[in-house]
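A.B. asks: Chains as they are written, first to last, in full-length UniProt numbering: chain A, 1 to 424; chain B, 1 to 424; chain C, 1 to 424.
It cannot be assumed that every hint is accurate.
Unchecked claim - Using 27 Å as the maximum straight-line C-alpha spacing, the simulated DSSO-like pairs for lysine-lysine come out as follows:
(1) A/Lys21 with B/Lys365
(2) B/Lys364 with B/Lys237
(3) C/Lys21 with B/Lys416
(4) C/Lys416 with B/Lys351
(5) A/Lys365 with B/Lys315
(6) B/Lys96 with B/Lys77
(7) A/Lys364 with C/Lys420
(8) A/Lys391 with B/Lys419
(9) C/Lys351 with A/Lys419
(10) A/Lys365 with C/Lys419
(11) B/Lys112 with B/Lys43
(12) A/Lys411 with C/Lys365
(13) A/Lys265 with C/Lys365
(14) C/Lys159 with B/Lys416
(15) A/Lys42 with A/Lys126
(16) A/Lys416 with B/Lys365
(17) C/Lys364 with A/Lys315
(18) A/Lys365 with C/Lys416
(19) C/Lys222 with C/Lys159
(20) C/Lys391 with B/Lys351
(21) C/Lys280 with C/Lys67
(22) A/Lys419 with C/Lys21
(23) C/Lys365 with B/Lys416
(24) B/Lys365 with A/Lys391
(25) B/Lys265 with A/Lys364
(26) A/Lys419 with C/Lys416
(27) A/Lys351 with C/Lys416
(28) A/Lys365 with B/Lys265
(29) A/Lys363 with B/Lys391
(30) C/Lys351 with A/Lys391
(31) A/Lys419 with C/Lys391
(32) B/Lys416 with A/Lys391
(33) B/Lys416 with A/Lys351
To be verified - Stretches of chain A that chain C covers, calculated by requiring three or more beta carbons in the stretch to come under 8 Å of a beta carbon on chain C:
(34) 48-62
(35) 412-421
Read the hints as simulated data drawn from the structure, not as lab findings. Even glycine gets a Cβ: it sits at the ideal position worked out from N, Cα and C.
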Amino acid sequence: MNDIKVLILAGGDSSRLWPFKDKLFLNFLGLSLIEHTLYQIKKTGLRNIIIVTNIWNHRKFSLLKQKNKELNIVLVKQNNDYGMAGAVVSAENYLKNNRILIVGPSDLYDDKLYNDFFAKLKTHPKGIIAGISHDEYFPGGYIVVNNHLVKGIIEKPKKDKRPGNIIKIIFDYFENTDLFLQSIKEETSPSDDVYEKAIVRMINKGFQLEFLQYNGFWRYLKYPWHILDLTQFFLNKIKSRKGRKVMISPSASLEGEVVIEDGVKILDNVKISGPVYIGKNTTVGNNSFVRQSIIGNGCMVGFSTEIARSYIGNKCWFHNNYIGDSVLADNTSMGAGAVAANYRFDGETIKSNVLNIVIDTEKKKLGAMIGSGARIGVNSSIMPGIKIGSKSIVGSGLVLSEDLQANHYIKLIESKIIKKNIKK
Amino acid sequence: MNDIKVLILAGGDSSRLWPFKDKLFLNFLGLSLIEHTLYQIKKTGLRNIIIVTNIWNHRKFSLLKQKNKELNIVLVKQNNDYGMAGAVVSAENYLKNNRILIVGPSDLYDDKLYNDFFAKLKTHPKGIIAGISHDEYFPGGYIVVNNHLVKGIIEKPKKDKRPGNIIKIIFDYFENTDLFLQSIKEETSPSDDVYEKAIVRMINKGFQLEFLQYNGFWRYLKYPWHILDLTQFFLNKIKSRKGRKVMISPSASLEGEVVIEDGVKILDNVKISGPVYIGKNTTVGNNSFVRQSIIGNGCMVGFSTEIARSYIGNKCWFHNNYIGDSVLADNTSMGAGAVAANYRFDGETIKSNVLNIVIDTEKKKLGAMIGSGARIGVNSSIMPGIKIGSKSIVGSGLVLSEDLQANHYIKLIESKIIKKNIKK
Amino acid sequence: MNDIKVLILAGGDSSRLWPFKDKLFLNFLGLSLIEHTLYQIKKTGLRNIIIVTNIWNHRKFSLLKQKNKELNIVLVKQNNDYGMAGAVVSAENYLKNNRILIVGPSDLYDDKLYNDFFAKLKTHPKGIIAGISHDEYFPGGYIVVNNHLVKGIIEKPKKDKRPGNIIKIIFDYFENTDLFLQSIKEETSPSDDVYEKAIVRMINKGFQLEFLQYNGFWRYLKYPWHILDLTQFFLNKIKSRKGRKVMISPSASLEGEVVIEDGVKILDNVKISGPVYIGKNTTVGNNSFVRQSIIGNGCMVGFSTEIARSYIGNKCWFHNNYIGDSVLADNTSMGAGAVAANYRFDGETIKSNVLNIVIDTEKKKLGAMIGSGARIGVNSSIMPGIKIGSKSIVGSGLVLSEDLQANHYIKLIESKIIKKNIKK
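The shape of chain A in the complex, shown without the other chains:
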């Protein structure tokens, strides 16, 4: 087993994650998503890791490699824009004649998947493709399974054309990668799904791919609201602990699992309803209420603020706000009375425009998604599912019901009349 190399495809962009970026470096519970992936791999005993990066995140990966010297990490910069297939080809020199496990770090699953994988490995299969039963529609690959073997992959079928309910996770094992590399190269059109087509081509050639049925938690980080799912995934794992130099008022009340990092202050009459993670040096101010949320480092959760089921980055400022089911990147501040609404009047699921396509988030509760360094004015109202680009400003007292691109300032133009105030 120890000769299996893990190929991590980290070269994808995060364009559908806007207003957030660099999804693999999003921080959950003090570690980036990619660190969680590495940590999960490390626990299995696998040590040889190839990471295909892109040109923008390569430097961050170099730092990561230095921090993880107990792993044998090779970094490869993806030198083309041909998606996952191109990523595999970029790493070709490190793959030849190797047993290889390809993982997509945007997929999130429990350690159980590795356990199941190693169990199946004992039967010496030529290849393994993992999938999960998922009844909601997912705009990715669906696996056609027959008698424990993968018979096909249908990439992004329409909602009513799904061949079943088994979704493909990027967790693919090949005993010998050469055939896969060859299949990729045989594809001639540079489409999005060359990777999957190459697998289908192998199957069609008679190559036997075992189907690994995974039955545990799974989430895919593609759209910004997926960050909320990951937040709950990570929160469900935490156990209460307290760091050093922590100050908790005797009148504060903590319930459930709550992680409190170093230097945190929990002031008077605060209620924390776990699972909740509170990052270093963050202050939860008087009368505030935090539940089922991750809050980053150095935040000021100001007076009488409620944060529910949300992901908050570092150095964010709040003041008498309601933040429900929202994602806020670093350095965001919200003025007093600003609200991130999270529920439609008609109770319908919330839609969101991503790269000019309206996507149904399948969520009935979804608040705001706000990029780093944004400022939200006092008494402003952000409608459910609205996205705000980084360093943008939402003026005071307005109702934001459309996405706002980065580095822009939206300001209310009010009509008013001024008249003499006739006194009694």
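Please build the complex by placing chains B and C on the supplied structure of chain A, with the hints as guidance.
C.D. replies: Leaving out everything else, chains B and C in the frame of chain A:
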């Protein structure tokens, strides 16, 4: 005495109560208004009750009759639209040759009125008409009294044409009803006040009607804001008690008389300032403040909400709201930061438009009156005395300063400019 | 020393202090500013005081004189509008052949200045002019010093033309006032700075004026936001104490130095973070949070309100507000959800228009400045540094981003659409 039949005139409509309806079935402290009336009658020992219903509430009265088998209730559907007089005529078959006490269940008074009535009855009067001294203007009937006898009834005089300050309560006794029935039939024009005219006609014929001066609490439920008066009336009677499966946080503080029904949860740092009634399975969330109010069943009084001197129906949702001197029917929800304002800038009494007539509510503090199933958007502001029809929606961030009819959606159209945010 | 007369120049108007007036009678910690000045003088042992008033504040000074009979106060009404120089001339009859210390009661400083003055006095100087090193720009007089002697005074130089960083305080001593009076009379043009020109004229004639370098707290009350500086100055002196008939809830928490006057009520879950002064009969309502502020008498700091670094007059009403770095005069009320914003989106210092000139307040945090008797509507937002005239009304739900003159009502005109609410 036991042969006196009580005739309850329950056939009126509730059109002036809009956005609320079916006034006799409004719930106070777990019982409908008509149940309170029946309960009050039951305490006197009277058992024979005739209720004149209308076609819409007849079914509800049938259920009520089943629930009150210890009373001998006869239901009569009013078969005309001639008001109270028509109601009496509808019940004609049950009235002949009977001692009859006619009560209007929209009038609310203490048990003392019955006690005074029975005392006067011992002098064997032919008839009794009850009234109360009331210095504020009331748009109803005024009684002219002379030497303990009723000499006339002036129906709805203008404010400056009142013949005194004695208001007629619908609480009329006749030893023999036949003459009253006959007087009604002698009226030829089908006006609103045939009932009162028939009484005056009897007086003019020489029939002697004793005046019963009542000196206690009295309210009439006609306009929606009267619900607030009834709320205070009922609240003033309560004694603290707690139901089963109640959860009260140690940091919550309860003062005064507070009724807490089964399954209620009072969370951290809540303040309840009695008299307050909290219906079954309602949760009063963290940091909320409730005073002098009735709250129905299954409500969620969300984080940091203040409810003062208000009537709240069942299954209402709140979130960081201020609700002052307001009436909210069932299933109303208010978004975070929405406010029901209750005081004019000029401190004047609040006016309200009822069936196209502007009525002075005579109240200096009056909030919103909201029909069932309405939804109020985040950070919206409802001006004092505004009424909202059932199932209507008030958009986020707007100032509602006119009544909104039922099943409508009012939405703010904001002008905004978006410009590049020049960074320093 | 005891023959020194103190001449207090109290005849200036307070036009630049709008929307506030009568600056010397602004109340801090239960005493007016002028009383603080008199109290400071009294501590030095000086007893002979001449106060030059104007026609509007003369009556108030008369009352003040009666209250301070242990001082020998002479009141002189200024009979001209020639500024400080005119004030001195008005008092001419009381000054001749006297040692005189001229103080401007708009300057605020520690007792140390008097101590330094008396020390210097022992060297029997002909005259003393006090100044303070101050690196920020100040639109007043700058002193040119050479070898401990005053060599000149430059009145209101431009920011980049300052002759140094030594600002002139109105704290001027003359052993014989006659020469100063004569110098004033020799000035022929009636400009703003005849007072300073007269001093320069004396210097030019060879009169030797010692420079007194003061190194302590100093503030000048000219613009309305200066009241915030004075607030902090006075607050820094307080020691915790409690008056009679005070009610403090066991769940309230007080930190730092807090003065609680008679009849104050501090309700449940309140946090007071000193230094804080709370005037007589004021109630700090449930869940409110007050820090580094002065609050006057008879206020109602309503449910869940935060007041930070602010000056609040008497009889003000709050309800779920955020008031940061603001000055509110007596009888101001704020509706629920109204916010006084105190920080610009761009973090720049806040500018304010005073008598048609835009002044940089040099403050990055500055809220609203509101005259007496104003009313602020629910959910309205007042932008940083905005001033509101007395008895004016700010309508509900609007964003006020320009000053509002006194006795006016600004009201939002919203565009809305109303449509049928199609139910599912």
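A.B. asks: Work down the list of hints and note, for each, if the structure agrees.
C.D. replies: Results for each hint:
{"no.": "1", "hint": "A/Lys21 with B/Lys365", "in the structure": "violated, 51 Å"}
{"no.": "2", "hint": "B/Lys364 with B/Lys237", "in the structure": "holds, 24 Å"}
{"no.": "3", "hint": "C/Lys21 with B/Lys416", "in the structure": "violated, 37 Å"}
{"no.": "4", "hint": "C/Lys416 with B/Lys351", "in the structure": "holds, 23 Å"}
{"no.": "5", "hint": "A/Lys365 with B/Lys315", "in the structure": "holds, 19 Å"}
{"no.": "6", "hint": "B/Lys96 with B/Lys77", "in the structure": "holds, 18 Å"}
{"no.": "7", "hint": "A/Lys364 with C/Lys420", "in the structure": "holds, 23 Å"}
{"no.": "8", "hint": "A/Lys391 with B/Lys419", "in the structure": "holds, 13 Å"}
{"no.": "9", "hint": "C/Lys351 with A/Lys419", "in the structure": "holds, 26 Å"}
{"no.": "10", "hint": "A/Lys365 with C/Lys419", "in the structure": "holds, 25 Å"}
{"no.": "11", "hint": "B/Lys112 with B/Lys43", "in the structure": "holds, 12 Å"}
{"no.": "12", "hint": "A/Lys411 with C/Lys365", "in the structure": "holds, 21 Å"}
{"no.": "13", "hint": "A/Lys265 with C/Lys365", "in the structure": "holds, 24 Å"}
{"no.": "14", "hint": "C/Lys159 with B/Lys416", "in the structure": "violated, 38 Å"}
{"no.": "15", "hint": "A/Lys42 with A/Lys126", "in the structure": "holds, 24 Å"}
{"no.": "16", "hint": "A/Lys416 with B/Lys365", "in the structure": "holds, 26 Å"}
{"no.": "17", "hint": "C/Lys364 with A/Lys315", "in the structure": "holds, 19 Å"}
{"no.": "18", "hint": "A/Lys365 with C/Lys416", "in the structure": "holds, 26 Å"}
{"no.": "19", "hint": "C/Lys222 with C/Lys159", "in the structure": "holds, 18 Å"}
{"no.": "20", "hint": "C/Lys391 with B/Lys351", "in the structure": "holds, 23 Å"}
{"no.": "21", "hint": "C/Lys280 with C/Lys67", "in the structure": "holds, 20 Å"}
{"no.": "22", "hint": "A/Lys419 with C/Lys21", "in the structure": "holds, 23 Å"}
{"no.": "23", "hint": "C/Lys365 with B/Lys416", "in the structure": "holds, 26 Å"}
{"no.": "24", "hint": "B/Lys365 with A/Lys391", "in the structure": "violated, 44 Å"}
{"no.": "25", "hint": "B/Lys265 with A/Lys364", "in the structure": "holds, 26 Å"}
{"no.": "26", "hint": "A/Lys419 with C/Lys416", "in the structure": "holds, 22 Å"}
{"no.": "27", "hint": "A/Lys351 with C/Lys416", "in the structure": "holds, 24 Å"}
{"no.": "28", "hint": "A/Lys365 with B/Lys265", "in the structure": "holds, 24 Å"}
{"no.": "29", "hint": "A/Lys363 with B/Lys391", "in the structure": "holds, 23 Å"}
{"no.": "30", "hint": "C/Lys351 with A/Lys391", "in the structure": "holds, 23 Å"}
{"no.": "31", "hint": "A/Lys419 with C/Lys391", "in the structure": "holds, 13 Å"}
{"no.": "32", "hint": "B/Lys416 with A/Lys391", "in the structure": "holds, 18 Å"}
{"no.": "33", "hint": "B/Lys416 with A/Lys351", "in the structure": "holds, 23 Å"}
{"no.": "34", "hint": "48-62", "in the structure": "violated (count 0)"}
{"no.": "35", "hint": "412-421", "in the structure": "holds (count 9)"}
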